[in-house]
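Trainee: Following the hints, position chain E against chain R.
Chains R and E, in that order, give the protein sequences.
When we follow this note's numbering, the leftmost residue of the first sequence carries the number 1, and every step to the right adds one.
When we follow this note's numbering, the leftmost residue of the second sequence carries the number 1, and every step to the right adds one.
Please keep in mind that the hints were generated in silico from the structure rather than gathered at the bench.
Watch out, some of these pointers could steer you wrong.
Said to hold, decoys possible - From the structure, some residues in chain R lie toward chain E, with a derived Cβ separation under 7 Å:
1) 16
2) 17
3) 31
4) 43
5) 92
6) 99
What the hints assert, rightly or not - Covered by chain R, per the in silico footprint, the following chain E stretches (three or more residues, Cβ under 8 Å):
7) 73-86
8) 92-100
All C-beta atoms, glycine included, are put in the ideal place defined by N, C-alpha and C.
Letter by letter, the chains look like this.
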Amino acid sequence: GQQLNQSPQSMFIQEGEDVSMNCTSSSIFNTWLWYKQDPGEGPVLLIALYKAGELTSNGRLTAQFGITRKDSFLNISASIPSDVGIYFCAGAYGQNFVFGPGTRLSVLP
Amino acid sequence: ETGVTQTPRHLVMGMTNKKSLKCEQHLGHNAMYWYKQSAKKPLELMFVYNFKEQTENNSVPSRFSPECPNSSHLFLHLHTLQPEDSALYLCASSQGSLSYEQYFGPGTRLTVT
Chain R
1 GQQLNQSPQS MFIQEGEDVS MNCTSSSIFN TWLWYKQDPG EGPVLLIALY
51 KAGELTSNGR LTAQFGITRK DSFLNISASI PSDVGIYFCA GAYGQNFVFG
101 PGTRLSVLP
Chain E
1 ETGVTQTPRH LVMGMTNKKS LKCEQHLGHN AMYWYKQSAK KPLELMFVYN
51 FKEQTENNSV PSRFSPECPN SSHLFLHLHT LQPEDSALYL CASSQGSLSY
101 EQYFGPGTRL TVT
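Just chain E, with the same shape it has in the complex:
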């Protein structure tokens, strides 16, 4: 138990669906991250939030829309996804965005059909 929870753990959605992934951290951290993990590829950083403000968006398609209402919660809203978006989506948190010691949640395994 790392203090970072993610729901749901598994999600299957069609390309026309809209769904949201949720992440919550109980560590008192100020920065939160979304990563995409695909088979045989390094972890890809998608978004960074520091004190609820988005500080990084690594050229992520607009069909992925993050939301950070407060320092403890992070959402990833999904719409009109493609099959190649199927992956493990990991949330992480750290003390601040320049703290490299990130703590990860268990991930959401997303399958787009």
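Okay, chain R solo, but in the shape it has when bound:
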């Protein structure tokens, strides 16, 4: 079946730094979504992308739908402590909807 890979698996950054993470697949997707999960909570939708090449921002977050339709990227600018959590990508194609394993972000003060 379709699988998503996320890298890095985890990252430790200093407060104020920018963050980049990506999500890749060997399959094509029509939609990419990015979620964030805080400890003890369910995932929260951050950004949805519907078109190859699309670049969308949500505050300090920017996500891009890769031109090959096989990948997506998420950038966080000027990280703050509340950015800590697990970031999941999800890809959709028709009725297929799959989540990646997540990138765990830790922010050091």
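Mentor: Chain E only, in chain R's frame:
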């Protein structure tokens, strides 16, 4: 607060017990989902309901039994579970089953002893 609530938030049950998880969405959505989240594994879709009809069952063991009495409520009935069923069970809803923007509840942390 995402508009999706789940109860209980934590549940400990023995392998011979019967329990139910409840999910309620206040978003006016038509599709509801059950996911299983285990440590170090991607979210696993278990069941999908669209307009109260089950549209997907991803080879889930029969010891998990879903029920969707209306578009706002979703239950997961549990019986004779195994320790490996311990996980975070997440409920989500979306406008329709082909709407990929899903809104999740906080989850029920289930421990099977």
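Trainee: If a hint holds in the structure, say so; if it doesn't, say that too.
Mentor: Evaluation of the provided hints:
Given the 7 Å rule on beta carbons, the hint for residue 16 (chain R) is violated: about 29 Å separates it from the nearest Cβ of chain E. A cut of 7 Å between beta carbons decides the hint on residue 17 (chain R): the least distance to chain E is about 26 Å, and the hint is violated. A hinted interface residue such as residue 31 (chain R) counts as satisfied when its beta carbon comes closer than 7 Å to some beta carbon of chain E; here the least separation is about 5 Å, so the hint holds. Given the 7 Å rule on beta carbons, the hint for residue 43 (chain R) holds: about 5 Å separates it from the nearest Cβ of chain E.
Hint status for residue 92 (chain R) relative to chain E: holds, with the closest Cβ pair at about 4 Å, below 7 Å. Because the closest C-beta pair between residue 99 (chain R) and chain E is about 4 Å apart, less than 7 Å, the hint holds. Coverage of the segment 73-86 of chain E by chain R is violated [criterion: at least 3 residues with CB-CB distance below 8 Å; count 0]. Only residues whose C-beta sits within less than 8 Å of a C-beta in chain R count toward coverage, and the segment 92-100 of chain E has 4 of them, enough to reach three; the restraint holds.
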